[in-house]
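> Sequence:
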Amino acid sequence: MQYWLFKSEPDAYGIDRLEREGKTEWSGVRNFQARNNMVAMKAGDLGFFYHSSTKPPGIVGICKVLREAYPDFTQFDPKSDYYDPTSNPERPKWKMVDVGFVEKFPAIITLEELRKRPELEGMTLLSRGRLSVQPVEERYWNAILQTAR
DNA sequence: GCCAACGTTGGC
DNA sequence: GCCAACGTTGGC
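Just so you know, this note's numbering puts 1 at position 1 of the first sequence, and the rest follows in order with no gaps.
Worth flagging that the hints you see were computed from the coordinates, not collected in a lab.
None of the values given here were measured: they were computed from a predicted structure.
Where hints are given, some of them may not hold.
Below, a list of computed lysine to aspartate or glutamate pairs in the EDC-like style, where the Cα atoms sit at most 20 Å apart [to be verified]: (1) Lys64 to Asp16; (2) Lys64 to Glu103; (3) Lys104 to Asp11; (4) Lys42 to Glu137.
Based on the sequences and whatever the hints tell you, model everything.
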C-alpha cells in the first residue's frame, strides 16, 4: 500500500466534481516521472487530492486508485488537447489510472501551512513543486492526516 | 501577469 | 551524450 498526491486545477477538475461523479479517469498526464508514478500505483492505494493554481493552493481531500495504469486514450485523439502524434497504439506512451472519491476535508490544508511544518521538510510537494503526480511517504501522509480532520 | 524552477527537445 | 534553448507549471 502506497500513498500518492494528485494535483489538479479546480477549474479543470476539482474535488467537488470528483465527489459528485464518484470516480474519474486521470488522463492528460504528459510528464514521464508523473506517468511512471501512475504505473507504480496499485488498486486500493490512497492519494491526497491537491488543488493547484488557485488561491490558496493546498490539499483538499483523499482519493483512491480504482484501476491500475492503462493507455490514456486522449493521446490518440487529434481533437484532444493531449493528443500526442509521436505515440502509437502498438506502444502507447502515456498511461492513466482511474481514481475514486474517498473524502473531502472540512477545510483546505494550504501549501503555506504545509511549508510551516518542520516535520514535513523534505516532502516532494515542497521541493518539487511542478510534479503533478507524486509519491507521499507514510510519515508525511500520517502527519498531514492528523490535522486534516 | 510575472518569473523561477525545471522538464523536454534538438543541434552538435 | 551534452547542453543551450525553449516551453510549461504553478506560486506569488
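> Let me make sure I understand: some of the numbered hints might not hold for this structure. Which ones are they, in numerical order?
Violated hints: none; all satisfied.
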